[in-house]
Structures are given as structure tokens and as C-alpha cells.
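Colleague: First to last, the protein sequences are chains U and V.
All residue numbers for the first sequence refer to this note's numbering, where the first residue is 1 and numbers rise by one.
All residue numbers for the second sequence refer to this note's numbering, where the first residue is 1 and numbers rise by one.
Hints listed in this document are in silico derivations from the structure and should not be mistaken for laboratory results.
For each residue, glycine too, the CB sits at the ideal point set by N, CA and C.
Accuracy of the hints is not assured; some may be wrong.
With the C-beta cut set under 7 Å, the calculated list includes, among others, these residues of chain V facing chain U [to be verified]: (1) E4; (2) L5; (3) E43; (4) A47; (5) D55; (6) F63; (7) L341; (8) R345.
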Amino acid sequence: MPGKLKVKIVAGRHLPVMDRASDLTDAFVEVKFGNTTFKTDVYLKSLNPQWNSEWFKFEVDDEDLQDEPLQITVLDHDTYSANDAIGKVYIDIDPLLYSEAATVISGWFPIYDTIHGIRGEINVVVKVDLFNDLNRFRQSSCGVKFFCTTSIPKCYRAVIIHGFVEELVVNEDPEYQWIDRIRTPRASNEARQRLISLMSGELQRKIGLKVLEMRGNAVVGYLQCFDLEGESGLVVRAIGTACTLDKLSSPAAFLPACNSPSKEMKEIPFNEDPNPNTHSSGPSTPLKNQTYSFSPSKSYSRQSSSSDTDLSLTPKTGMGSGSAGKEGGPFKALLRQQTQSALEQRGGSPHRFCRRREFPFFTLTAFPPGFLVHVGGVVSARSVKLLDRIHNPAFVGIMGNTRSYKLLDWNSFNSDEPETRDAWWAEIRQEIKSHAKALGCHAVVGYSESTSICEEVCILSASGTAAVLNPRFLQDGTVEGCLEQRLEENLPTRCGFCHIPYDELNMPFPAHLTYCYNCRKQKVPDVLFTTIDLPTDATVIGKGCLIQARLCRLKKKAQAEANATAISNLLPFMEYEVHTQLMNKLKLKGMNALFGLRIQITVGENMLMGLASATGVYLAALPTPGGIQIAGKTPNDGSYEQHISHMQKKINDTIAKNKELYEINPPEISEEIIGSPIPEPRQRSRLLRSQSESSDEVTELDLSHGKKDAFVLEIDDTDAMEDVHSLLTDVPPPSGFYSCNTEIMPGINNWTSEIQMFTSVRVIRLSSLNLTNQALNKNFNDLCENLLKSLYFKLRSMIPCCLCHVNFTVSLPEDELIQVTVTAVAITFDKNQALQTTKTPVEKSLQRASTDNEELLQFPLELCSDSLPSHPFPPAKEHLESASSNSGIPAAQRATSVDYSSFADRCSSWIELIKLKAQTIRRGSIKTTVTVEKASPVGDGNFRNRSAPPCANSTVGVVKMTPLSFIPGAKITKYLGIINMFFIRETTSLREEGGVSGFLHAFIAEVFAMVRAHVAALGGNAVVSYIMKQCVFMENPNKNQAQCLINVSGDAVVFVRESDLEVVSSQQPTTNCQSSCTEGEVTT
Amino acid sequence: MTSELDIFVGNTTLIDEDVYRLWLDGYSVTDAVALRVRSGILEQTGATAAVLQSDTMDHYRTFHMLERLLHLLHQLIFQIPPSRLTVYPFWMGLTQPSESPARPRQTPFPLFYGGYYAFDEAFVREVLGKKLSKGTKKDLDDISTKTGITLKSCRRQFDNFKRVFKVVEEMRGSLVDNIQQHFLLSDRLARDYAAIVFFANNRFETGKKKLQYLSFGDFAFCAELMIQNWTLGAVGEAPTDPDSQMDDMDMDLDKEFLQDLKELKVLVADKDLLDLHKSLVCTALRGKLGVFSEMEANFKNLSRGLVNVAAKLTHNKDVRDLFVDLVEKFVEPCRSDHWPLSDVRFFLNQYSASVHSLDGFRHQALWDRYMGTLRGCLLRLYHD
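This is chain U alone, in the form it adopts within the complex (with noise of 0.2 Å):
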């Protein structure tokens, strides 16, 4: 299957100075693809040669495309010595096999050196042209579309969503082999990057093969990760959802499919009931005052390398499936059968597939209408594993030696590793999976792996919320699209996914139940958490917030497999404190609900941390929180029980404060409605008070807690009470600011279109004399805080806007030094409409109906956007014209040569905008043009454009980078392939490039530098569903080193501003159903 890879390499520029004497360079270019090599003619003298080459072409196997990074070295030429190298450049080509994704890879792309950083740049001109019809493009991987986004691309619409798919790829790390020790920094860690590049292609390679063979065409939700394990090798792991998407601009299918729908769908939510066969039998039995769903003690497995596998299938996980089946509520039962058979049906399919264990997890955070039906709660597994024991003993003796052999070829030592680390995470697979059935669910989404290594030991974590999904979207064969399902589906309300999906009789965990308290048919939990993001059409009240729960615990160093028990030994511990944490921290802020939970525990030499981050909500369909009680033990002494009220009195000020904040006032409910829930005996015979014996008279007096209970918590020590004093440390972002770590904020809709995207790292060292866990916890605590603040302060100048996204990471890099990385985006909203208080169900479905029309004109707005080209936009160049005559240059100058008067355009532009600031109608005209440039790739003339004198590929501008799936005011017009990348930067002039600060500064605006570089030279404007992986930073300050490693990813897309389409369907006289279409959708 041959294909042909042809590489152009153009010019470079600003190349730096390698001949000291003369100042200059005399470059040539080393075109690298698999084991063929070309090389460019030098070009002396200059810091910005022109090469101009021939078309390099390269036929290979599209196996080999797809694994194989192209790699272009610049390099010094020099007579008398060997020639030195400048930089290198890789490209991943993956993005040119899709059939609809980029067709050239052509621009300015910074030369990369792993000591010097970036140096120069080099103009490279890509194109691939595959031997093969469209059919047989369909037989290999190569047509598979990958997507980290988590959830259905805009642009498409999920016809099937098939479901998990997974791939683990091992190998030697460079960084440890023998011959390391001989060669150059340099070269070391130019070899890491090309096996990490190579290995992500052969993942991403076998990954679409398992696509394929499920019958899919693209994966969503695709997350690469590289486990470093030191001496024991480098593994590279991806997880996906497998899905057949359906691109949304074929317009037959589309545009009648979708209308009668969304008609519908207004109406039924709301004058149906869905569940006609609500189980009236409701138990009356709720238990009160327990966490939801994980009992920490059985929610992980205790692994160590030494016990055996088994220990992680608890007793409650057998009676999942069976007993909620047979006894459940009718409805929950038959979608259980139907999701049941969805799934089974296609592990038991005549595929290589069968042989494998089928997970029916999904990668995804949000859905598409009608996916998600129930949500049963958060489900995680937690293993340790003893990295050294995993190799076969030739293997270990190898290792064991000193590596004074021959060259190894370590693919024949490593056959059996990955089955080693396949087996590793089917075990916690299988755990996971055995919880949600415990939950009464056949599905887990949100679903996420994660490791965290230090030494030999390393605990594997998976973590996901059991859901019961619509079967619909999972059966295979059904032609028809989703929305066409929808119709004739009984769709769950919108509360529905908050409807428990486990049997009352059989709870998996104690919960406290009550009716929904908008359809008051179903039972939902007094508390949800989920992995997820909050679905569409869930109703919120108020605002949400960023909680986090943070924790530290000491551990002694130990070896080996000491070690890996003592960790197993802490970690229930440490799940549990951070669930109460959490739970309190909610309580605190009024509200019931956690979206987007990732609870991170890390291990380090002498410590473990665990940090977890979500985003707490008031869900209307949940009951009211309690507020929190404090009980203390012995409430004889006085001073102490007054010491006791002063605090229940900070904690109900708190919880008060915050419900005004986050805006959550929700509709009072009168009791006969909702049906007091009956009193139940206490589980904690500890209570002093119960809570619920004395609501009436509480009901009266404190009205802000509701009229649920209070959440008890008891001092019975000064742990719990550093534990509550920490409650109340945490300060509420300042006013103007609002923070989640889910994609957009709850309560928020109305966003402006500035975004900012950033990454903030931080280290600390912590002192080794006064390490209790006490002084942990506040060091880790006044880390976060401290570093959310300085976040609120440098972007105050975009207020009123919201943190989303905010994604933390911690590593332990040495003993004593912690290292907090944050990635996040601020988008800026508009203040007065975001002022509108909570959304009463009615307008709540009206906005819902917008969205659905949105939908409708996805459609149409793409035709306008697709008809740009064809205009030349004569009233963008008019304004042109007029600005810069306006800005005192004469026109004459501007007119000498092309090139030179675009800069004068430029140069005028810059000034006039020095003078005059306020020249708003200008800068708009300038902006329209150049989205209409980045804009033209959609249309046939696209290489033209992008092929034209490399200088024009300057004027790309700003590329925007997103952790979000979207982009606030912009339409995603098309995706144009993932960009993985992975690099590595070394110095030994820390010292001199400003310590660790600088060197770590520079080294990320490099790579977002990079990144930019990237996706302009793609054809594309943006970067969505943007991630940093990984940032591992280590240093050596007494020998004047660092070392760090950035591994980032995203979505290369093209959008096109809503204001620029508005301008030009207002600009077409013609004035079609279209463009009325539009202005329509813009004005809602």
C-alpha cells in the first residue's frame, strides 16, 4: 500500500550566527523519512538561505506514514570539521491521510534545537498522494479521524458511537540505554523525541485498526499518555471513544432529518411524562448522612506487586447487575437489557475483538441529547504495581548487568511488556466496571487513566461515573442518524439523568433518597458527583465553583516492595479525607452537585498527595444541602461549647455568604409536596444531636441551610479541628471572577469573544525540619490558594470573566520540592446579561429550543461560509485602502512592490493604532480580511492561497489555543487532525538563561510557539481541546542544569468569526432564506 510523501523545502530565516568569523551561516537541509535521506545544496552565507529545492519524494508503506515522524535537520556546513547542527524539525503527516482534514502541510515552522531552544526558521512545503481510491483508502487505519475533544466535534454529528478503545506501546527509554552514556545531551535527547514520536504514531496506527475493525471512522476523546518508568523502559498508552461521525454539510441528509426533530423535541420533554412506569414501591427506608458513592475501603483495589490480582473484585461488585435487573423499575431494567446487548452484541461479534475483554467505557465528558439517561455516581480504581517486577527474568538479568553488551534490539526482550501492562490496567478496567454494575449501571463515561510514578513504584488510577446510556446510539447497523432515534425514544426528562440508576432496596452504598424534585416521580440522591461535564439540558441554579479538596500524607522512604504496601496502606485513607473534604467544601458552598471530578493522587519519595478538582453545582432536581453541623465530643466544658457555636456560626455566615455569590436561591418547596422523608435510626451512633429530630424548629430559625440536614461534623480532636479551620481558608475568587474546571461554567452563557489561554507552574521547596502532616497540608493548601490568586491578579483586566478548564497537575520531583502546573482559559462575558437571574424552566426550554435551532443552522451557515472565496471581498480591501491613506502614509510608497507594501500596511496600521486607539471601525475591516484569508482553506482555492510567497504566511497572526472544545463567538468550520507533541529542552547554562524560572518561561512560549507554528502551517487559526500531558521539570542547580519535558496535544480547526459570517450574509444583496438564517441565529 504504497504511498508518496513529497517534501519541499523552501527557504529558512533568521537562522542563527554559526560561523563566528564571518557572522553568517551556510545551511543546508537533511530531509529525513524512514531510512531515506536527502540532503539540499548549502547555501552560503546567509542567515536566511533560499534553498528553493527540488520536490524530495519519498514512497513508502502508508504503515510507515503513519508511524514515522518526517524529520528535517538544518545543519552548518563546514569544510574542515563536522557539520553542525542547528536544529530539527518534526512533522507529523498524519493530519494529510485524512480524506476531508488538510491537503498541505506548508509554512514557517521554528527550528527546534533540545539545548538552544528555538533557532530560526524553515519554510517546508508537504504533500502526500496516496495510491488509492477511496476504497482502499477505507482499508487501512489511515482514514480514521482522531479528536481529543471530548465530546462529538462541532462539525459533525455522531451517527453510532461505538465505544472504548485502548492501545499501549512499549519501549526502551533512550535516556537509559548503554550508549548514553557516550553520546551528546543533545543527542540523547533528540532520539527520546523521535522514539516518543514514533511510538505515538504506531499507537495512533493501531488504534484506527481497532476502529476499523468495530466499524467506526473516527475516535473522540482520544488521550495519549507516556508513562516515563525509568530503567524499566517507556510505555505510551492511549484511550478513545470509537464512533462513526457523519460530517454535518451533506445536505440532504441533514437538513430534513433535523427539523421535524427539534420540533418535537421542545414539546416532549415537557408534556410527557417519560416514565410511565414509575415504581410507585418506593422504599422507605433512606439513609442519611453518607457519602454517595464510593465506600472508600472497596473502591480500589490494595495491590501491591506482591498480593494477588483478585483482591480488587469486592463482594458487592457480584450482586450489580443481577438483583438491580430483576428488581428495578421496569423502564431502567428493559434499557439496561437493550444497553446490555448493545455492548455485548459487539464484543461477541465474529471480530479479532471477541478475544478481548469488551469495557463499555466512553471517553467522553458531554453527549449528545438523549445519550445519557441515568448517572449513578463516581466510579474509581486505584492500583500499586512494583515496576521491577514486570520483566521476564532475561530481561531482568540483562538489566541487572551492566550494560557493556552489544546493541540490543530491545523488541525482542519487550514482546511480552505491553501484555504485562495490558494486564495491569484490564484488572482495573474490570474493577471499574464491576462498580459501576454495583451502581446498577452498564456504562461508564468521563472514563480517564492516569498514572503516577516515583522510583519502582507506580499506582495505575482509573477513574469514570456509571451512567445507563440510550442503547440507541450504540447499535450498530442503523443507518438512520440519532436524531431520527430521538423521536420515537421516550426521553427521560431533564432530570432524568439524575434519577439513581441502582435498585432502592439494594443500594451498593448507604444514600439518602428522595422524590426529584422537578418530575417528583423519581427518586435522585441527595448528593451527585460525576466525571462529566453538566449536560446541556440540566437546570442549575445559580452559579458554580471551583472546588478543590487537597491533601497531603507523609510516608516513610522505603524500598521496593515495602514501599508499595505502605502507599496501598495509605491510600483508602487518603481517598477517604479527600471525599470528605470534598463533600464538606460542597456542603459549604450550598450545593449538591460535583461535575468534572478528577481526584489526582500522587507518590513521591516520602509523601503522597492527592488533589482533586471539580465543579460544584446546585441541581434543581436535587434536594437543598444541609448545612454543616459541628458536633463536639465531650460538650460539658463551656468555653468550649461556646468555642464550638462561634464556629457553627463562621460555617452558617460561610454558607450563607456563598449561596448570595453563586446566586443559588432556589424556588421554596412546600413538604407535602415533596413528602418528608421518614426519620431514619442513625447509622453514627456517635451523634450527639440528630439533625433531623430538631428540623422543624430549624426550619424556621435557619432558613439559609434549607430544610434538609445538616451534614455532621464532629471535633473530636485537633485534627478535625485543623480540618474545619481549613474548611474555611479557602477565599472565594474576587468579585468580577468566577472559576470551574469543567468546559464552560454553569450559570454562564453569554460569552464574549476574548479568550486567554495560559499555563502557570509553580515549585516550592518545602523545609525539611518541620514535616508533620499538619504543615504539609498547609503548604500544599497556601501553594493553590496562593497560585489561584496570582491568576485572579494577572488577568484582572479581563473581568467580568470566568477561569474554565482550570486543569491542576502535582508531581513530587525530589524529596522536598512539589510542583503545581495549571492550565486554564479565561474567557470574558458579558456582565449585564450574565446578571439575569436563574432561568425559570420555561425560559430554560426556551434557550434549549435556540440551541436546537442552532443546530438546524449549522448548515447553512457553513453554505455562506463556503461561498466566501468566491467573493473577492472588495469592502474589507476598500477599508483597507481608506485606513491606511488615512494613516499619512503616501499610497505611492505603498504601491512599489507587493511584499514591501503589505509591511507598510502593516507598519501603518501598528502606528495608527499607537495614535489613535479608538479607531474601532478600522480595525475591524482588517480583521475581517484576515479571517476571510484563514478562512479560505474551506474552499477549493485553498493551495493557491497557502502556497503563495512565503511571506504572506506571516500575516496568519494569532493562532488561538483552547483547552475548551470551542471557541466563544467562532464556528469550527473543520478539523484538521490532531496535534500531538512532545518535547524535550536541556540546558547547562541554567544560570545564564535566567534559573529555572526563565529557562522553564521560555521553554513554554517555545512550545506554544511551536504548537502555533503548527496548526498556521496546517491551514489552520486555532487550537481546540488543548492539553498539556505532561511538564516534567528537573533540575540540578549545582551543576548549572535542567532538564524538562512538555508533552501537549489538541485539535488543529479552523473557525471563522459569527460576527465576520454575519457581515458577509448581511454584505450578499442577495438576502436568501440562508442569510436570513443567520441573522436569525444571531440575534437569539
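Go by the hints and put chain V onto chain U.
Modeller: Chain V only, in chain U's frame:
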């Protein structure tokens, strides 16, 4: 607990103008933090001192990186078409105007740039007309003490002058345009730099005590007039032979013109011509001038002064002393007789116009080229 590392990197670089100003002014991080605290920012934002410290450090680091970038920009300047320069802001993720949402505190690259090249009047006044070489750099310490501008800031400003001088020194064409295009400066700033470069190139003396009353603006005004009228570029003759060793069009005074100025000497050397000139001026101004009698008494001295200045300009040393001479020979005598500015204007207008009526004088065009500029300069220089 000590902070080892603390960074913030945005996809677009945010520049806080207040911190930027402090950095430009050469304050250390500690001083900058103290100044920011004093500005009341903590109360406004509710931030802590630690946050402020971290923020300031971060900005300083960013500015440092941008500074290196700027210098790189000029190292490359001769090799590439100017349009390519725009790539650098792109690297750093600085917003460009087409994208700028016009938030007050987000400085797009040009503003950063302009800010970097901004200078203090007090500083420029000290180095104006001096040779921009290393020798002068040693004096920066003294200037810093004298003006109260931090040494760091002095160094930046001085290096900027030097950098601009070096780049445009070898260039043809309009000085202002060259500066504007290669340094992406605002029109105003480019004109100022043109003046600085022009003064440095011709080494005009500006430091004498009797010139202390003049501001940089005064000199810049004169420089502009002189560039427009007295340089080679002013004649508008494109060099016919591009390979010939031409003088810099805008930076050097037109040698031929200076040589010709000797011809004007006849105006004072020829007694008849001088008397005729005087009577023409006096007739025209009688009754119109408040200081008529003083003018009448001083006419010959003044005229001799102005013409002699012109005749001497062939010598480099006299060119350097141009402003000293003008002040000594014209400004000071008039000032001591308390001429109002309006009278000076009347006089100078009449003085230059009357020459046209002198039949024996053949260098009318030369006179106009000389006197047109000089009149403008003198009027600007004539104040307290």
C-alpha cells in the same frame, strides 16, 4: 516553604503598562514592588504582597525575553525584507492590532516596542549632539546622578540611540521613514530619533551653559528644518550614480551648499549693500516695531552675526558651534534689548525679504535656502 519556580505563560502575552513603565525606568523588582504597593494596587484588587511580588517578577522576566527579541530583530535587519519582522511578535504570542480587542491594559507589540524606544527628555538633553561611542557611556553614571534617572534606564536609552544610529547611518532615503520602518516607531518618535541621529552625526554642541535654557523640543524642531532644507536629500536630487560614494542623504549637511554660503558674505562686506539692506528694512518696519530704535542701532551687528555664521559653516568646528553662535550673535543681543517675539518675527521676515530688492546681490536662492531655515530656528530658539 520557599518558592523555587513561579511562572505564568499565556498564549498571548499580557503586558501591564504600569509594570512596563517601572521596568523601563530601570527599577529593580524590589523597588518596583514597593512602588506598586504605594500606588494602592493592593487595596484596589485585594491582592497580597506575595502575589504582587510574583506578578512583578513574572513581568520583568517577560520584558527581558522581549528585549532580547528586539535586539535579535536588529541584528537581522539588513538581511530580510522588513515585512518578515512581524514574525517575532507572533513567536511571543503578542497580540497584533488586527486582533486586539482594545483592552486598556493589554499592550500590543507596537506599544511595547514604542515604549521600549521611548526616552526621557532630561536624558536626551544630556547626550544630544555627543558622539554615540563607548567613551560617552562612561559618562552615563554622571548623567544618572545628575538627572535622577536610573542607570539601567540611561543605558537602555543610550543603547537605543546607538542602535538606531548604527542602522540608519548607512541608509539612503528619508531619515524619518527609515527609522519608522525599521524600528516600527510612531511618527512622533521617529521624528525625535531622526533629530537625535542628526545631532549625533553633526555633533552640534548643545551642552554649553548658554544653551541650557533650550529644550530637546527646540533642538528637534531645528533639526527637522535643517534636515528638510540643508541636507542633500532636501535638494531632491536622486543620486545619478548609485555606486558613487555619496554622503548620507539626510544625515549630512549639503557640503556644496555650505561652500556656497561664503558668497553671502558680500551682504556685510560690501558697505553699500549693507546700508541699502538696512534702510530697506528700516523703512519697512518703521512704526511697526516696538523696539525700532534698538533694531536700527543693532542692525549691522545682527546682520553681520547672521551672515558670518553662514560663511563659517564650511568648517566642521563651526558647524558644531552653530547653536552657540546663533544664541550669542542673535538671541542674546535681542533678548538684552527686550525684543518681544512678535518683533523678532517682523524683523526676521523683513530682513530676509528685503534682500530680494538688493539689485547687486545675485544669490537670492541661496539666501532663501539659508535664511528660510534659520528664521524658523531663530524664532524657536528665541525664548527665555
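Colleague: Evaluate each hint against the coordinates.
Modeller: To see whether the hints hold, each was checked on the structure:
| no. | hint | in the structure |
| --- | --- | --- |
| 1 | E4 | holds (4 Å) |
| 2 | L5 | holds (4 Å) |
| 3 | E43 | violated (12 Å) |
| 4 | A47 | holds (5 Å) |
| 5 | D55 | holds (6 Å) |
| 6 | F63 | violated (12 Å) |
| 7 | L341 | violated (30 Å) |
| 8 | R345 | violated (29 Å) |
Figure legend: structure checked against the earlier numbered hints; hints not met, in rising order: 3, 6, 7 and 8.
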